[in-house]
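**Student:** Chains A and B, in that order, give the protein sequences.
Here the working numbering is used: the first residue of the first sequence is 2, the next is one more, and so on.
Here the working numbering is used: the first residue of the second sequence is 2, the next is one more, and so on.
Mixed in with the good hints there might be a few duds.
Any copy will do: because identical chains look the same in the list, a pair fits if it lies in one copy or spans two.
What the hints assert, rightly or not - Straight-line distance between alpha carbons at most 20 angstroms, and here's what the computed SDA-like set of lysine to any residue pairs gives:
hint, residue 1, residue 2
1, LYS162, ASP371
2, LYS554, ALA481
3, LYS162, HIS190
4, LYS162, GLU373
5, LYS162, GLY111
6, LYS162, PRO44
7, LYS554, HIS369
8, LYS162, ARG192
9, LYS162, ARG348
10, LYS162, GLU113
11, LYS554, ASN523
12, LYS554, VAL565
13, LYS554, GLU113
14, LYS554, ALA381
No lab work stands behind these hints: they were computed from the structure.
Protein chains: 2
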Amino acid sequence: MNLPRTLAVARGDEPADLLLRNARLVNVLSGEIHPADVAIAGPNIAGIGTGYQGRQEIDLGGRYLCPGFLDAHVHIESSMVPPAEFARAVLPRGVTTVVTDPHEIGNVLGLEGIRFMLGDAAGSPLDVRVNAPSCVPATHLETSGARLEAADLMSLLSEPKVLGLAEVMNFPGVIQGDPEIIAKLCAFHGRMIDGHCPGLSGHRLSAYAAAGISSDHECVSVDEAREKLRVGLAIFMREASNARNLRDLLPLVTPANERRLCLCTDDRHPIDLLGEGSIDHLVRLAIAGGIDPVIAIRMATLNTAEHYRLRDHGAVAPGRRADLAVFSDLSAPRVEEVFVSGELVAREGRMVHNRRHRRYDHLPRTVHIDPERLDFAIRAMGSQARVIGAVPDQLITHHLTREIPVHDGWAQADPERDLLKMAVIERHHGTGNIGLGFVQGVGLTRGAIASTVAHDHHNLVVIGADDISMRTAALAVANAGGGLAVALGEQELCLLPLPIAGLMSDWEIDMVRDRLQRLLDNAHRLGARLRDPFMAMSFLALEVIPALKLTDKGLVDVEQFEVVPLFV
Amino acid sequence: MNLPRTLAVARGDEPADLLLRNARLVNVLSGEIHPADVAIAGPNIAGIGTGYQGRQEIDLGGRYLCPGFLDAHVHIESSMVPPAEFARAVLPRGVTTVVTDPHEIGNVLGLEGIRFMLGDAAGSPLDVRVNAPSCVPATHLETSGARLEAADLMSLLSEPKVLGLAEVMNFPGVIQGDPEIIAKLCAFHGRMIDGHCPGLSGHRLSAYAAAGISSDHECVSVDEAREKLRVGLAIFMREASNARNLRDLLPLVTPANERRLCLCTDDRHPIDLLGEGSIDHLVRLAIAGGIDPVIAIRMATLNTAEHYRLRDHGAVAPGRRADLAVFSDLSAPRVEEVFVSGELVAREGRMVHNRRHRRYDHLPRTVHIDPERLDFAIRAMGSQARVIGAVPDQLITHHLTREIPVHDGWAQADPERDLLKMAVIERHHGTGNIGLGFVQGVGLTRGAIASTVAHDHHNLVVIGADDISMRTAALAVANAGGGLAVALGEQELCLLPLPIAGLMSDWEIDMVRDRLQRLLDNAHRLGARLRDPFMAMSFLALEVIPALKLTDKGLVDVEQFEVVPLFV
Numbered sequence: 002m003n004l005p006r007t008l009a010v011a012r013g014d015e016p017a018d019l020l021l022r023n024a025r026l027v028n029v030l031s032g033e034i035h036p037a038d039v040a041i042a043g044p045n046i047a048g049i050g051t052g053y054q055g056r057q058e059i060d061l062g063g064r065y066l067c068p069g070f071l072d073a074h075v076h077i078e079s080s081m082v083p084p085a086e087f088a089r090a091v092l093p094r095g096v097t098t099v100v101t102d103p104h105e106i107g108n109v110l111g112l113e114g115i116r117f118m119l120g121d122a123a124g125s126p127l128d129v130r131v132n133a134p135s136c137v138p139a140t141h142l143e144t145s146g147a148r149l150e151a152a153d154l155m156s157l158l159s160e161p162k163v164l165g166l167a168e169v170m171n172f173p174g175v176i177q178g179d180p181e182i183i184a185k186l187c188a189f190h191g192r193m194i195d196g197h198c199p200g201l202s203g204h205r206l207s208a209y210a211a212a213g214i215s216s217d218h219e220c221v222s223v224d225e226a227r228e229k230l231r232v233g234l235a236i237f238m239r240e241a242s243n244a245r246n247l248r249d250l251l252p253l254v255t256p257a258n259e260r261r262l263c264l265c266t267d268d269r270h271p272i273d274l275l276g277e278g279s280i281d282h283l284v285r286l287a288i289a290g291g292i293d294p295v296i297a298i299r300m301a302t303l304n305t306a307e308h309y310r311l312r313d314h315g316a317v318a319p320g321r322r323a324d325l326a327v328f329s330d331l332s333a334p335r336v337e338e339v340f341v342s343g344e345l346v347a348r349e350g351r352m353v354h355n356r357r358h359r360r361y362d363h364l365p366r367t368v369h370i371d372p373e374r375l376d377f378a379i380r381a382m383g384s385q386a387r388v389i390g391a392v393p394d395q396l397i398t399h400h401l402t403r404e405i406p407v408h409d410g411w412a413q414a415d416p417e418r419d420l421l422k423m424a425v426i427e428r429h430h431g432t433g434n435i436g437l438g439f440v441q442g443v444g445l446t447r448g449a450i451a452s453t454v455a456h457d458h459h460n461l462v463v464i465g466a467d468d469i470s471m472r473t474a475a476l477a478v479a480n481a482g483g484g485l486a487v488a489l490g491e492q493e494l495c496l497l498p499l500p501i502a503g504l505m506s507d508w509e510i511d512m513v514r515d516r517l518q519r520l521l522d523n524a525h526r527l528g529a530r531l532r533d534p535f536m537a538m539s540f541l542a543l544e545v546i547p548a549l550k551l552t553d554k555g556l557v558d559v560e561q562f563e564v565v566p567l568f569v
Numbered sequence: 002m003n004l005p006r007t008l009a010v011a012r013g014d015e016p017a018d019l020l021l022r023n024a025r026l027v028n029v030l031s032g033e034i035h036p037a038d039v040a041i042a043g044p045n046i047a048g049i050g051t052g053y054q055g056r057q058e059i060d061l062g063g064r065y066l067c068p069g070f071l072d073a074h075v076h077i078e079s080s081m082v083p084p085a086e087f088a089r090a091v092l093p094r095g096v097t098t099v100v101t102d103p104h105e106i107g108n109v110l111g112l113e114g115i116r117f118m119l120g121d122a123a124g125s126p127l128d129v130r131v132n133a134p135s136c137v138p139a140t141h142l143e144t145s146g147a148r149l150e151a152a153d154l155m156s157l158l159s160e161p162k163v164l165g166l167a168e169v170m171n172f173p174g175v176i177q178g179d180p181e182i183i184a185k186l187c188a189f190h191g192r193m194i195d196g197h198c199p200g201l202s203g204h205r206l207s208a209y210a211a212a213g214i215s216s217d218h219e220c221v222s223v224d225e226a227r228e229k230l231r232v233g234l235a236i237f238m239r240e241a242s243n244a245r246n247l248r249d250l251l252p253l254v255t256p257a258n259e260r261r262l263c264l265c266t267d268d269r270h271p272i273d274l275l276g277e278g279s280i281d282h283l284v285r286l287a288i289a290g291g292i293d294p295v296i297a298i299r300m301a302t303l304n305t306a307e308h309y310r311l312r313d314h315g316a317v318a319p320g321r322r323a324d325l326a327v328f329s330d331l332s333a334p335r336v337e338e339v340f341v342s343g344e345l346v347a348r349e350g351r352m353v354h355n356r357r358h359r360r361y362d363h364l365p366r367t368v369h370i371d372p373e374r375l376d377f378a379i380r381a382m383g384s385q386a387r388v389i390g391a392v393p394d395q396l397i398t399h400h401l402t403r404e405i406p407v408h409d410g411w412a413q414a415d416p417e418r419d420l421l422k423m424a425v426i427e428r429h430h431g432t433g434n435i436g437l438g439f440v441q442g443v444g445l446t447r448g449a450i451a452s453t454v455a456h457d458h459h460n461l462v463v464i465g466a467d468d469i470s471m472r473t474a475a476l477a478v479a480n481a482g483g484g485l486a487v488a489l490g491e492q493e494l495c496l497l498p499l500p501i502a503g504l505m506s507d508w509e510i511d512m513v514r515d516r517l518q519r520l521l522d523n524a525h526r527l528g529a530r531l532r533d534p535f536m537a538m539s540f541l542a543l544e545v546i547p548a549l550k551l552t553d554k555g556l557v558d559v560e561q562f563e564v565v566p567l568f569v
């Protein structure tokens, strides 16, 4: 801030660089909406009131002006584009700051991946704050591309955009005082340490909070959230593509507790991001659910800024950053203009300067799979097998036991009973590791889908009705350096290349969205019943969420937390 | 924190050091009151819930348990005792943390005085956090004992108990961008910077806020406070001995803005501190005024902790300090037990360990006055003089013009018209500076009162009906190394020695209170009409509050901000 200039503008001695006249100011500090003119000097708000002059003046004609939204927790990788391109999707929606946990790319490329995200974000008006990924790899029951120990994470502390430690998913480790995870907590002492503790309760919840964890974004019920609030966790209410919890949590919100509530998107895919929106969508959902608009906006702005101690963010007040959103309808805010640091960056849903995205050829190739060693055959060690039961729109699975058809000693998929084969192929180090199993609930009647997006290790995962389709899909993805594919027999039906760590595209997000839609259409034509079988598949390999999952090391019984045999 | 031990207690694997059973927990985080047991491990809360065991257990039998109170802004010197003794007064009332601005002793002894306060406080269970005094001296129109420049203040930044910069009273300097005050703001960039801006409004208020000032405790009306809230200042609602603003501000409080409101005592004299109380008194006032008790307690706890980013303070939750207060009556909380860091420190209004206060003989003598040069005679330069008009219970004065009796060319007091003589004698450097004038409204009909407590310079100030009484009172105080005195003719009627910087006693606070009461009784017997003429006098020399004040440099017209002649 140029303080002398800001003071001169505030005093009214010099004209503002930009004056927004006749706003209805959503003042999240005083908790009210009042008329105001807002005088901006350089990147900051200088004055609020009347009687100011500006070199440039915009008459808002009584439209609403609120702080730019903050996303309390988002994995940008889920948008399938890098930060600068992600920014082009969320900025026009009024999101001016995000707190991101780059743990997807962290699992693939370690610190190099995190530094890539920081560097890419630096070119954008979006203020991308980074929490260091706390759990890379998620567990020892998978093979990830990288490990991040406390010492690695500490090397991020000197990055100005790094805030704290991201969702500490290893809550059993925290509660038991596991030295490795405690070392990470100690490394970030005094910084914000975010949590992730689905269903945690009672004494164990107290222990998790006592360790210095400050938040949770995994609540699915009001009772769960209320107990977590009581022990001091801030509750990030989430509306992700894969986990839609906001409506269920709205009854939690009262004037007495709203300050401890924030909004977050966690994971939003390009279709939802461009279709429904980002935090703006959550604000509309909250208001539609009966939340006072000032409170809804405050949960999207000041509360998050205060949680992360971003003192310059989250409110329209002298001295703060002029990150602002303008809208007309308080009952369903659709952002019409967005200012970042006093500059108009988006209008009517589009960026003002539509800069071309950059090239990303400096990142290494991350898919290392030998086609010769790709083999999906499963030797039958019995006829009763453990089967992953996919649950629509949920990350948990059922732990099923099913009779498996066996031919010539080999266990077979049985698409007529919706019994599909699934494989997780280690892709980082070329170890040749492959986990094989069966899944029910996906619904493909023929063909296969494959992806290098598979939380959190992001190995290559394939589900199919037959081995040939699975091979075709897997190789399509591998040859593209990562991505999503649908195949039928030897034919590749559709491919979205994700050459950036096998997670992100170098296309514009609209193109990614369109291709993703085509992939889904193809999968649905092959019989897939889930809304988004790719997203579902990406969590079928995540062995930290119950009950039965598949990694490159094999089937994981999450309750036992160990690899178990396929056949029982 | 011993984290492994805290976690073990939280999990219920080891017994708590202290278990408070059957509390009604005032949960300022979730904004509700709910039953809970609270398990404490060492200095911290480990768990909240049921099913814990403790090595020591206390059954609260359904009494209320709330976080220890925080005082957002207090000058400990106004209690007339040093921090460790002040602690003995406020701890039994549930105040476990104070944010103090040692600017009284800073004006007398500079950094040495501030370090004395830090050192003295270190011996007490009270958590005394210090904001560095920003305005020493208050102005160039007085002679203080010390100057604190930005570089001096920066030397305090390494002190672990130093939080930020204390009330920036020089708001005109901030607004105009005065380099000296801006340097101090820059020195504390990133720390909390408290404000002090009585009546400031409009563009100038925006400028003050834009400079990074975060709070104000000078509001006297709801309208004033609301405007300050809107520009982002936290409002510290004050109930001092000399400025009782809380009741007037209570209509400001709404569920939508209460998070930005804190409670502070600013200046409380021993009589009020021991009679009415400290922050506990403000909580009772707020509840009596219709504020929801959870909100009233939150304004005294979490809000202040969050303002100052004291993450371990202000709430009863796992991982936080076990600073706790127990009471029975939610409609008028009177604290019955107080715990600091998990230890019982006070019960039924008394400290559990009644340690004797320490000796303070390591501070230098601070009153340097040559009796030979003490002369209160005023040569009449006319018959119409400027007269300070004291206003009961207010810090402002009226700027009066009165006919002054003249004998033999010398201007005289005229007690029958309540026209008294006033003197401010420089006492730090022995310069012999003396400011002389007249005051109306104090009401002495005979005798004189003197004090070395005179904001902010703390020179020796005397008001009297005749020169002989004035001399007696002044010398009584000077000979005691500072203090308060009442004299009649050549007789010293009552004296409270304040040898610590001329501001604080080395007695126990009860004795100070009793002697202060005797001083007031004596002053009232001599005709004083103000409730506390000493306190009134201490502000008649404060040239930053309108309208007419007297310093050792002479009469100050505060609106003109310059020394003006006595005679018009």
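**Student:** Going through the numbered hints above, which ones does this structure break? Give me the numbers in ascending order.
**Tutor:** 1, 2, 4, 9, 11 and 13
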